Structures are given as C-alpha cells and as structure tokens.
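Listed in order, the protein sequences are those of chains A and B. Residues 22 to 408 in the numbering used here are what the first sequence lists, from first letter to last. Residues 668 to 896 in the numbering used here are what the second sequence lists, from first letter to last.
If you are wondering where the hints come from, they were derived from the structure by calculation, not from laboratory data. A portion of the hints provided could be inaccurate.
Facing chain B, a subset of chain A residues (Cβ under 7 angstroms, in silico) [unchecked claim]:
#  : residue
1  : Arg23
2  : Leu25
3  : Arg34
4  : Leu187
5  : Glu312
6  : Thr318
7  : Leu319
8  : Gly320
9  : Ser322
10 : Val326
11 : Ala404
These numbers were taken from a predicted model, which means no experiment stands behind them. Each residue gets a CB set at the ideal place from its N, CA and C atoms; glycine is no exception.
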Amino acid sequence: MRYLPLLWAGLFRKKTRTILTLLSIVVAFALFGLLQAVEVAFESGADAADAKRLLTTARYSIIEPLPMAYHRRIEQVPGVVGVAYADWFGAKYQNESNAFPVFAVDPTRYLDMYPEFTIAREQRDAFAKTRTGAVVGKRLADRFGWHVGQKLPISSEIHPKTDGSLNWEFDLVGIIDADDPAVRGNTDMVLINVAYFDEARQNGKGKTGWYIVRIADSTQARSISSSIDTLFMNSPDETKTQPEKEFAIGFAKQIGDIGALVTRILIAVFFTILILTGNTMAQSIRERIPELAILKTLGFSDGKVTALVLAEAILLLILGGSLGMGAAVAAMPALNGSTGGRFPPLFVGPETWLLAAAIAAVVALIIGLPPALRANRLKIVDALSGH
Amino acid sequence: MTVLVQIRGVTKVYQRGRERVEVLHGIDLDIPSGDFVALMGPSGSGKTTLLNLIGGLDTPTGGSIMVQDRRIDQLSGGELAAWRAAHVGFVFQFYNLLPALSAQRNVELPLLLTDLPAAERRRRARIALTLVGLEDRARHRPRELSGGQEQRVAIARAIVSDPTLLVCDEPTGDLDRATADEVLRLLQMLNREHGKTVVMVTHDPKAAEYARRRVHLDKGVMTGEPVAS
Chain A
22 MRYLPLLWAG
32 LFRKKTRTIL
42 TLLSIVVAFA
52 LFGLLQAVEV
62 AFESGADAAD
72 AKRLLTTARY
82 SIIEPLPMAY
92 HRRIEQVPGV
102 VGVAYADWFG
112 AKYQNESNAF
122 PVFAVDPTRY
132 LDMYPEFTIA
142 REQRDAFAKT
152 RTGAVVGKRL
162 ADRFGWHVGQ
172 KLPISSEIHP
182 KTDGSLNWEF
192 DLVGIIDADD
202 PAVRGNTDMV
212 LINVAYFDEA
222 RQNGKGKTGW
232 YIVRIADSTQ
242 ARSISSSIDT
252 LFMNSPDETK
262 TQPEKEFAIG
272 FAKQIGDIGA
282 LVTRILIAVF
292 FTILILTGNT
302 MAQSIRERIP
312 ELAILKTLGF
322 SDGKVTALVL
332 AEAILLLILG
342 GSLGMGAAVA
352 AMPALNGSTG
362 GRFPPLFVGP
372 ETWLLAAAIA
382 AVVALIIGLP
392 PALRANRLKI
402 VDALSGH
Chain B
668 MTVLVQIRGV
678 TKVYQRGRER
688 VEVLHGIDLD
698 IPSGDFVALM
708 GPSGSGKTTL
718 LNLIGGLDTP
728 TGGSIMVQDR
738 RIDQLSGGEL
748 AAWRAAHVGF
758 VFQFYNLLPA
768 LSAQRNVELP
778 LLLTDLPAAE
788 RRRRARIALT
798 LVGLEDRARH
808 RPRELSGGQE
818 QRVAIARAIV
828 SDPTLLVCDE
838 PTGDLDRATA
848 DEVLRLLQML
858 NREHGKTVVM
868 VTHDPKAAEY
878 ARRRVHLDKG
888 VMTGEPVAS
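Whole structure, please, built from the sequences with the hints as guidance.
Structure representation (structure tokens):
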C-alpha cells in the first residue's frame, strides 16, 4: 500500500493517454463479460447436465417417437435407477411469436429426475394429481403474467385432440424455478401431465419422444447406454442412448458453435489490447527512464524498481478489468429485460470473474514484463547521463 | 577529524564499443567527517565519475573506496542500493524530482524504503521542507516551483533520511547567481550546523568558495593536494 501513491502517480502521469488506454481495456473486458454470459447461456443446457443422466431417443431421428412401454424394460437394465419420459408438444401461446417448449411428462418421474428444479411441495402434489395440470417455469410465468389457479390455453402445432382441435387447455397448478442461474434457463418451459395428453390426443397414443435414464454410476454411462440400445436392436423402434451432456452439446451445436465463435472474437480483442497497451506501457516507461534511475539512486533496488513497473501494469489491468466486468454486470438486467425472456438468462458467474482475473494477470505480465526487465537492467550512471 | 571517505588507487575504465576509456587513473583522497569538499576541474576531468563512485552509484575498476570503514567497492548491487538509502543523499544539477508527485511526496520517497509508518514519513518530510524553507510549497508539483525551489526540494529529499554524506553534482549549474548563492548557503548550513559531510562537483569557482576544501582533477588525476577555500 505504501507504494500505491507512487504507482498511481506513474500511471496517471499522462492522464489522457492512460484514460484512453484504460477505456480500451474497459471495453475489452465489458465485451468479455457479455460474450461469456452469452456463451454460458447457450451452454447452460450442457453445463446443467447431470453425468448420471442418459438420454434415449429414436436411433435415426430425435423426432421419431418411441413406445411409452419401453420404460419398464429400460428400468430392468442393470445400473439403471430411474426412468422418466417426455414428449414434444409443439406449442404456441396467443400468436406465432410466443413459442416455448411444452413437454408432456409423468409428473413424479420427471420431477424426480430433475432435482435441480425447485417447486413447492403442494404444487408438485397437485401436478401429480391433476390430469389436466401443468407447471410452468417462473420466467415464463413472469413474461406472460400467468399465475397458479388460472386456465392455460395453449395451441399445439403437431398434436390435435380427438375432436380435431389444436387448442388445448390446462390448469396451471405450479411454478418451477432453479436456484442455480445456469439451470434457470432450462426452466423456460411448460410441463403437462402425460396421462391427460395421451388420452386426449388424436395420434401417437402410447408413444413418447424420449427417455431420461438415471444411472447409479456415471463411469458406467457407456456400457449402460450400449445395454439399453442392445435391448431394442432389430425392433421397429431402435434407440440411441447417450449421456445427457453429450446430447445437450450436440443439440446446441445445431445452432452453431457459440463457444468457438466467442473464443475467436475474444482472442482478437485481447490480442489488440495486448499490442495497444503493451506499446503504451513501453512508451510510458521509456519516457520515465531518468525517473527510474532516480529511484535507484535513492536506494530502490533493481528488484523493487522491476516490481514497481510490473505493479503499474497490474494496477492498469485491475482497474480496467474491474470497470469492464462491472459494466458487463450492470448491463445484464437491461439485456435480460430486452429479450423478454425469449433467451436463457444472461449472468456473469464466478467462473467468468475468475477467468477475467486470469486473463488480466496474463495480459499484465505480458505487457509489464519487457519494460520491467528494461528497468531492472537500467544502469543509474548511464540513465542519468542520457545514454 | 575522523576520515569518512577513504579513496585509494581508484581507477575507472569505460568500454565504449571497442574503445577503452580510462577516466580515472589511481585517485587517492581522504574526506574527513564533516568536511565540505568541492571537486573541480574542466569537462571530462573525471569529477562526476569520482562523485558517482563516492556515492555508490557506480563501482571502480580498480582500487578501493572505504566509507565509514566499509568497502563499498565490494558491495553487490542490492547491498549498494541499501547502503545508498541509509547513508547518502543526492542533489543533481537538474533536480531530478518526480514530476507527477508533490514536493511532499518527492521528499518522502527515500522514506518509503524504511519501516516508518505513513504519518511519521509525512512528519519527517514536513520537517525537511521546513528546513529548506518550503513548508508552504509542500503540495506543489515540481512544475509549479521555480528552479531554486525545485533544488531546495531536492535538498530536502537528500537530507530527509538523515544521511551521513551529501553528494551534489553541479547543484547550482542550472540556477542564476542569486538563487545559486541561496542553495549554496543552504548546503553550507547543513554542513556547519548539522554536521553533514558534503562532496560537491562544480566548475564554478564562486560555488567552490562555499566549500571548506577544493580538490582539482584534470584528465582523471588529482592535480596537487586539496586546497582550503
């Protein structure tokens, strides 16, 4: 702390230059914070995936249904401790633009399978008991102003009722949420009771979209997947089973490899910052050679002067990085509000802060080390005589 | 008087590319404690080189330099830095203050290397500034001060850690006569009233009159014995 005034004075010796450099770092880290939030949101499905969950779909296409009766046979596979299933409803609410996932599920099996979803005990019981019941994600409820106890009129694009109508009506009996913000995006859905859905639909009775399988030991995921698929081999409905995470990553990559895109953008941004800030830092130290020589004259050791120069670079990155990340955090509520809940929630998590700190440290070292070494090698007599 | 600085057979050689430049040729000199010595001589005579060696800014190629019974020519870079911080105050022709710091902060700089708490550092810096008559300029930056005031701040910085030895390289070289006299009187006061040993490089005979003794160098050798002013 005793050297802070000295560092501060050195850093802001040329205010305009330092402020411009600082601004570029702030922008870089703000961009980093925002893009990381987007990447985390896109990958939240994969991140929230449980290593002990497998996904069983039809072998050749995930839109092909599977017999609902499969669940009894899957439950018999050694290592399997639980099975749930879900079917795609294909919903829209009021108009085309209000589309969101609706899954027809066995309430108890499904909610047992996803303990990371939170729901009040009485609402969970009500969902299990109410054949026309539905539970919705909290963000979705907030978006449309839904509340427990109301009727939920939803149209399906693929499932007509027995009377031929595509308009369905459910009783909203519960709200689901998640404590982990990375999981919360996965609650942007409506769950309906498959008992009513299967009875009331015109086509596809006795079929479901996919199975979610809980296993006892995640290291057995491959062999259990293989056992399940072997079970249905050469049947009319062959299956493909894979770990949930693998499935989620594959699904996200159908949109595009967001992670790779974000990484490439950030590499370009930080490379530019590295050159810009490195040049400014080198120039600043070059201009202060006589001042550094004076510090050495006064008794500051080579190591101390080296540390001071390095600390200046670190201070610059700490300031710029904190302000930039702060700006990204401050922008999140507005960004989340502007998406109207159509996009998974954006947030800057502790991992992103840690990564930002690591990047700031690496950039500070890269830009600070060359001038610091130059300061270390500085000979007082030469520097004071202008050599 | 006890000898504070004892110089024996000191030589200094610089390598400039392929050229070998011998700046000092076997200097012998004793500086008693409490002395005020003016090192004089034409440009290139080696007086600044000798001053740098006495102040521990550089090391001799040959010979020995003993200050307060310590061979400073045998100290490592780190040891020499610590020795300078504890024993030597420096005053330069162009003041060499840090432009981004106030006068007070400039004076406090050498104290950053001590264990003194911030309040004590500030107090000592204020005392040093008062001693050089600049207590009311403590918050001013160097560019807000005149040349004479800057040099007095530099002197305050040189004495703030209470060093044994003050090493001054052309301290009045950038000042007008009247201001130069003020600065020289200040150095004289520090020598006479506070017992500081002062070694000053100058080519100005008027400035040298403030010293107790004059030492003449020419082409890297001392020309005769030190002369009393």
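Here is what the structure says about each hint:
no.: 1; hint: Arg23; verdict: 6 angstroms, holds
no.: 2; hint: Leu25; verdict: 11 angstroms, violated
no.: 3; hint: Arg34; verdict: 4 angstroms, holds
no.: 4; hint: Leu187; verdict: 73 angstroms, violated
no.: 5; hint: Glu312; verdict: 5 angstroms, holds
no.: 6; hint: Thr318; verdict: 5 angstroms, holds
no.: 7; hint: Leu319; verdict: 5 angstroms, holds
no.: 8; hint: Gly320; verdict: 2 angstroms, holds
no.: 9; hint: Ser322; verdict: 4 angstroms, holds
no.: 10; hint: Val326; verdict: 9 angstroms, violated
no.: 11; hint: Ala404; verdict: 10 angstroms, violated
Hints 2, 4, 10 and 11 from the list above are not met by this structure, while the remaining hints are.
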